[in-house]
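J.: Residue strings, one per chain:
Number of protein chains: 2
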Amino acid sequence: MNAPDRHAVPLAERLALTREPFPGSRKVYLEGSRPDLQVPLREVLLSNGERIHLYDTSGPYTDPTAAIDVRSGLPALRAPWLDSRGDTETYEGRIRQALDDGGKDDARLAQLRAEAAALQRAPRRAKAGTNVTQMHYARRGIVTPEMEYVALRENGRREWMAEYQRDAARERRLAGNPMGAALPKGPITPEFVRDEVARGRAIIPANINHPEVEPMAIGRNFLVKINANIGNSAVTSSIEEEVDKLVWAIRWGADNVMDLSTGRNIHTTRDWIVRNSPVPIGTVPIYQALEKVGGVAEDLTWEIFRDTLIEQAEQGVDYFTIHAGLRLPFIHLTADRMTGIVSRGGSIMAKWCIAHHRESFLYTHFEDICDIMKAYDVSFSLGDGLRPGCAADANDEAQFAELRTLGELTQLAWKHDVQTMIEGPGHVPMHLVQANMDEQLKHCHEAPFYTLGPLTIDIAPGYDHIASAIGAAMIGWMGTAMLCYVTPKEHLGLPDREDVKQGIIAYKIAAHAADVAKGHPGARARDDALSKARFEFRWTDQFNLGLDPDTAREFHDETLPKDASKVAHFCSMCGPKFCSMKITQEVREFAAAKGVAEREALAQGMADKSAEFKAGGGEIYIPIGKA
Amino acid sequence: MNAPDRHAVPLAERLALTREPFPGSRKVYLEGSRPDLQVPLREVLLSNGERIHLYDTSGPYTDPTAAIDVRSGLPALRAPWLDSRGDTETYEGRIRQALDDGGKDDARLAQLRAEAAALQRAPRRAKAGTNVTQMHYARRGIVTPEMEYVALRENGRREWMAEYQRDAARERRLAGNPMGAALPKGPITPEFVRDEVARGRAIIPANINHPEVEPMAIGRNFLVKINANIGNSAVTSSIEEEVDKLVWAIRWGADNVMDLSTGRNIHTTRDWIVRNSPVPIGTVPIYQALEKVGGVAEDLTWEIFRDTLIEQAEQGVDYFTIHAGLRLPFIHLTADRMTGIVSRGGSIMAKWCIAHHRESFLYTHFEDICDIMKAYDVSFSLGDGLRPGCAADANDEAQFAELRTLGELTQLAWKHDVQTMIEGPGHVPMHLVQANMDEQLKHCHEAPFYTLGPLTIDIAPGYDHIASAIGAAMIGWMGTAMLCYVTPKEHLGLPDREDVKQGIIAYKIAAHAADVAKGHPGARARDDALSKARFEFRWTDQFNLGLDPDTAREFHDETLPKDASKVAHFCSMCGPKFCSMKITQEVREFAAAKGVAEREALAQGMADKSAEFKAGGGEIYIPIGKA
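Respectively, the protein sequence lines represent chains A and B. Residue numbers are given in full-length UniProt numbering: position 380 of the first sequence equals residue 380, and the series is strictly consecutive. Residue numbers are given in full-length UniProt numbering: position 24 of the second sequence equals residue 24, and the series is strictly consecutive.
Only chain A is shown next, with the shape it has when bound in the complex (with noise of 0.2 Å):
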């Protein structure tokens, strides 16, 4: 709302890390069954003694304590994991080649790869026979420290919470609606985990060549989680850029981060984003295949994709979008759209399936690739290259027809133990936002859905990640895993560091107001907490657990600058004499202080008023019932 203006700030602040932990906040670490599982949490100390436990996505980078170098990248903690299960071999991986990086090698690359040296690491696949993904795993009655890492990250530290949790009529009133989501009443299990990756219904995105990941779940029984995307561009932007971007998102709380890369250099900003990267990172491999053919679809192969997919996966990327849903005999039925196919991945294999009148390789080859994403723990993130986008295009033949297979497609990912999560749209009014979850859930069997919005209108460029944000909440509230964010800069120009910003706690606005209306259990004690902070006129705690405190002390301080008022008992909203808290708090001693004998006199008092009413002909007693 109001950002300092983007061109004002220097180059070298845009680019200096955030590694400032939150005010009032330190990371605390949840020790699991082994040392080195260690789930990180953010501690918010509060003035009044309290300790509020929070998640917390933004990795070692908000610990002082941790000694980061972007060229070193981050400590490798699951390594001691994949070593003891002893199913992987390390190997000399595909050789690199001047294409990956977009063409021909120059001084510029040249100097950036050999800054990115120490990020090379040996690949590491599957032993031949050998199956690594951690639904595999899931389906052998095996929990991995992964899940175990998961259930302890998910509960947080529920002791707080109870505190918040003890009015049972509160409680009963505020009950969620799960609206068929099957969230356990107790702590999360790592056998819970365990099991919810065994059906399919939630995924641990991990590729064993991503050992640096703190891992975490997308399903729809726990806590719903956001994605943003970054990447550089054929118009702008550079890798330090892109590093920073990914600081700068999981500070605020994306869970899974996107590298839409396209153009130059993408190989090796692949290497430093990945390396450096304590979440989950997702690409569209078709991007980088497209760069290696010049740009045009029609050149693009399977072998072409093929190889770029295990150039990818020996990188360490977590999932992959894969448009293998989008058929030939459907491309039809988009002629008569308003705004056609907007998926850029979906609208490349579309122009391939047209120029050589056969059927997407993607969807030919569906269980070759379902062979590499084994190798690697590669997870699905099943492409919907059919999305509306725009209002009048939601929920057409296209788009379901799409959906429909995308659900065939699951079940030949899961006849290969890979983990998949469903891309949804798009644009979608609300009324219409219902019939996209229940056709998911009908047609994919509870795999993740992974929607991108949906936006409920589209008359606000400009503010798209609030027009989107109200479609993403209720979605999420329907069983959404995972909320792609859209930022203000949608349909115009590409994310700034700002805009990044705007367009995450837009959605971990959305995934909250999810959690809370599910009834995730705990998820409202966060609001509680600040909703007491506030009653009680205690501002540093109210700032500091929000989503954004900087930004919630910068408002304040513009109307109260004083330190002083960081503890007056009013606000500039009503300023002393008015303030309806502080009417509020002497209700309350008075209430207190009066006991039933008052109440009974009160009421008392009332039946004089209304024998005065009805002798006033008033018709103000009539009963409720004939109201």
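Do not take every clue at face value.
In silico negatives: residues of chain B with every beta carbon more than 10 Å from chain A [what the hints assert, rightly or not]: (1) L17; (2) R42; (3) D83; (4) D87; (5) R96; (6) N131; (7) R158; (8) W160; (9) P187; (10) D195; (11) K292; (12) E303; (13) L441.
To give an idea of the chain A side of the interface with chain B (calculated C-beta under 7 Å), a few residues [unchecked claim]: (14) M338; (15) T339; (16) A467; (17) G493; (18) A513; (19) D548; (20) E558.
The set of hints was computed from the structure by calculation and includes no laboratory data. Idealized CB from N, CA, C, for every residue including glycine.
Got chain A sorted already, so can you dock chain B onto it with the hints?
T.: Positioned in the frame of chain A, the structure of chain B alone reads:
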């Protein structure tokens, strides 16, 4: 999102009324059955020759041909209509007192009042024994010019909308869900407006002392409206800023404005605002009454309050928030709340009731208040003094006990033909929103609901316009007639110019999302026009059809500043090589070129592929039914 640093904007600039028409737009007027009935519309001229007509709240300020002098006010367009009814008289109004402006006069105030001298008018009131409310006329079968104005305004120009609704299959697929609303299929007639007002299902806030107002309707079967709050405060702000905020607020789409001024100079502030406002103005009279007793709630009396109602009715305030539903026996119900009573007016009255051990004088004198309302056609906005102040207090007995009382008072107001709407929360998690609408419809007999948000979560200080736009869009779809905006500064400070704009845009998004979901005739046409422009790379048309053309263009310029790129057939998101819309157009041409025979050939091709696959053992072709 990227507002210029507010402190960088010089005062002079902030106080200059923004009068430029919107880009590519001009003001046009629809003439009604009489030449002095001129309904404004904003005409957007598109680059392809189309003319789009939009609902316009900005008044004469965006009409370059209109002469504006804030010191003499807007033309009294309704004066001839009022005269022609012959049921009102002008009279020597109540004598202004120093106390009306919050205490002893000073030089500054004298100067302000002198500047505002030209704004003084002899007040008008109903002749003895008459009732001049729109509801009273409606119930006697009279269609007033105000009703005809509303009908024309709600329809706009349906011709261009019809152009976007020619695809019958699409319209069926996107048919809205009115959630019980009775939206007319065809154009809205003056008779329909009359009937809705007669039933109490809609109100037309139009005090006979506010002849400058451009009539509008608030009702479930009309477009969803939004209200913006402005007002000075004991802590900051000035009269000039308030008038500027009014003009700024209606420019961005505020249908109504509430003046929540407190402290000094509020009578004179109101003169300036009402005389310069083409939209209805609402107030909370108890604020001023409290000023008159030095801020000591216990010292309030019916006489002082009554005098304040008359003072404001003579000035032309169109609706009063009256917290008459907050009754003595309800107060103790708030004792166990997380945040007690958060309504200013509500807490003031609660304090009075407890201090005197007596029922609220607003409740006991309700019919006396009705007598004042009907003499000036001031509408009730029955206040929810016990609305929840946080998610934890949502839908509790205190809130609903008051709501049921508001239903009783509604019937009492209707006995006097006084127009009435009902105020609602506040803070409500998504899953409890529907119950608020259901209870209101059940107990308040379809009187228009007017909610504040509701905020769906409490952890977003600095972003509560977003947290509340989610709840606002949902409850608007469910039947709420007007949405009171929330700005980014909610809970933190007083909104300035940029905050007001951000709050309004967020609420225009929510209101439009609700209109589209309800299936309001033609609501989606603007989205379709913008989407078509987007698909055809008509960038300038896309900007100009949006809610904020300035920001949309600014965002686009940041990445692609050249004018050439305003007609470029690609955008910065994908760059020239990758543009999905560009590819889609090629796909469309292809698909369009193919006939039925071609499609059958494709189908046959699929059959072959299918056979191939089955041979390959793929389970991919299992029937959907089994999937």
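J.: Each of the hints needs a verdict: does it hold here or not?
T.: Checked hints:
no. : hint : result
1   : L17  : holds, 22 Å
2   : R42  : holds, 13 Å
3   : D83  : holds, 35 Å
4   : D87  : holds, 26 Å
5   : R96  : holds, 23 Å
6   : N131 : holds, 18 Å
7   : R158 : holds, 18 Å
8   : W160 : holds, 15 Å
9   : P187 : holds, 22 Å
10  : D195 : holds, 22 Å
11  : K292 : holds, 13 Å
12  : E303 : holds, 19 Å
13  : L441 : holds, 12 Å
14  : M338 : holds, 5 Å
15  : T339 : holds, 4 Å
16  : A467 : holds, 5 Å
17  : G493 : holds, 4 Å
18  : A513 : holds, 4 Å
19  : D548 : holds, 5 Å
20  : E558 : holds, 6 Å
In summary, this structure violates none of the numbered hints.
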